[in-house]
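Asks: So the protein lines, in turn, are chains A and Y. Quick note: the first sequence uses this note's numbering, first residue 13, plus one each step. Quick note: the second sequence uses this note's numbering, first residue 54, plus one each step.
These are calculated hints, taken from the structure and not from any lab test. Cβ coordinates follow ideal geometry from the N, Cα and C atoms, glycine included. Please note that the accuracy of each hint is not assured.
[Claimed, not checked] In the PhoX-like style, the derived pairs of lysine-lysine whose C-alpha atoms are separated by at most 25 Å in a straight line are:
#1 A:70 to A:113
#2 Y:131 to Y:121
#3 Y:77 to A:113
#4 A:113 to A:80
#5 A:61 to A:80
#6 A:81 to A:70
#7 A:80 to A:70
#8 Y:131 to A:113
#9 A:113 to Y:121
[To be verified] Which chain A residues stay away from chain Y? Per the calculated CB distances, all over 12 Å, these:
#10 19
#11 54
#12 66
#13 78
#14 82
#15 85
#16 87
#17 91
#18 92
#19 115
#20 117
#21 122
#22 125
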Amino acid sequence: AQSVTQLGSHVSVSEGALVLLRCNYSSSVPPYLFWYVQYPNQGLQLLLKYTSAATLVKGINGFEAEFKKSETSFHLTKPSAHMSDAAEYFCAVSDEAGGFKTIFGAGTRLFVKA
Amino acid sequence: DAGVIQSPRHEVTEMGQEVTLRCKPISGHNSLFWYRQTMMRGLELLIYFNNNVPIDDSGMPEDRFSAKMPNASFSTLKIQPSEPRDSAVYFCASTPGEGRSYNEQFFGPGTRLTVL
Chain A
13 AQSVTQLGSH VSVSEGALVL LRCNYSSSVP PYLFWYVQYP NQGLQLLLKY
63 TSAATLVKGI NGFEAEFKKS ETSFHLTKPS AHMSDAAEYF CAVSDEAGGF
113 KTIFGAGTRL FVKA
Chain Y
54 DAGVIQSPRH EVTEMGQEVT LRCKPISGHN SLFWYRQTMM RGLELLIYFN
104 NNVPIDDSGM PEDRFSAKMP NASFSTLKIQ PSEPRDSAVY FCASTPGEGR
154 SYNEQFFGPG TRLTVL
């Protein structure tokens, strides 16, 4: 069975500081991994996804994530936080055997201090 | 492209009333998902359809909840009778099923339901 664990329900960083949001997954088959972002009063939107083509995945707004099979991790990073990055971030996993059913983590709310 | 469309955006009703939430997926997408989001439980998958057929409804809370997808361009989620604990934001999402974005979920703006 697939599962996703996001470490830390809240993360606070200063503007300009490194952003690191942690995600570990469990999957019995090669997974597809995603990061989605949710801004207040909006639906989720895709930041980036891993589909085995490359272990370092670049997404929108300067975010990137690295797939590490040995650590079963897919952590999200951004070198320099901006105030507009304040949102909730969800890590997710799916596989073709699941018919594209996607399992979402509990989410991490990112706060950016001026 | 208009994106996933949900209606209404906000719904306030009284306990015991029937509530119907509507979703129009992106044209050409072949999978549709209904989620519920609350502070306590986070984002929960309620049910999903593939080519209009319900595939997994194990997340539907109880018999008061039902979902239909009569055609590729429309789905409903109905709660009858509604209860205060059903208060949440309900999201609909669709997936292309082919192409570069084949397994990406495209979310609608959500329906905020308040049951008094």
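Asks: So, for every hint listed, does it hold in this structure?
Replies: Evaluated hints:
1. A:70 to A:113: holds (23 Å)
2. Y:131 to Y:121: Holds. Residue 131 of chain Y to residue 121 of chain Y sits at ~9 Å (cutoff 25 Å).
3. Y:77 to A:113: holds (19 Å)
4. A:113 to A:80: holds (22 Å)
5. A:61 to A:80: holds (14 Å)
6. A:81 to A:70: holds (17 Å)
7. A:80 to A:70: Distance of about 15 Å is within 25 Å: holds.
8. Y:131 to A:113: holds (21 Å)
9. A:113 to Y:121: Cα-Cα ~18 Å, so holds.
10. 19: holds (15 Å)
11. 54: Incorrect as stated: the minimum Cβ-Cβ distance to chain Y is 6 Å, not above 12 Å.
12. 66: With a cut-off of 12 Å, residue 66 of chain A remains clear of chain Y, as the shortest Cβ separation is near 14 Å.
13. 78: Label holds. Min Cβ-Cβ 20 Å, cutoff 12 Å.
14. 82: holds (24 Å)
15. 85: At about 20 Å from chain Y, residue 85 of chain A clears the 12 Å cut-off, so the statement holds.
16. 87: holds (20 Å)
17. 91: holds (25 Å)
18. 92: Non-interface label on residue 92 of chain A holds, nearest chain Y Cβ at 26 Å vs cutoff 12 Å.
19. 115: It is violated; residue 115 of chain A is separated from chain Y by about 8 Å at its closest Cβ, not greater than 12 Å.
20. 117: violated (8 Å)
21. 122: Label holds. Min Cβ-Cβ 16 Å, cutoff 12 Å.
22. 125: At about 23 Å from chain Y, residue 125 of chain A clears the 12 Å cut-off, so the statement holds.
The structure shown violates the earlier hints numbered 11, 19, 20.
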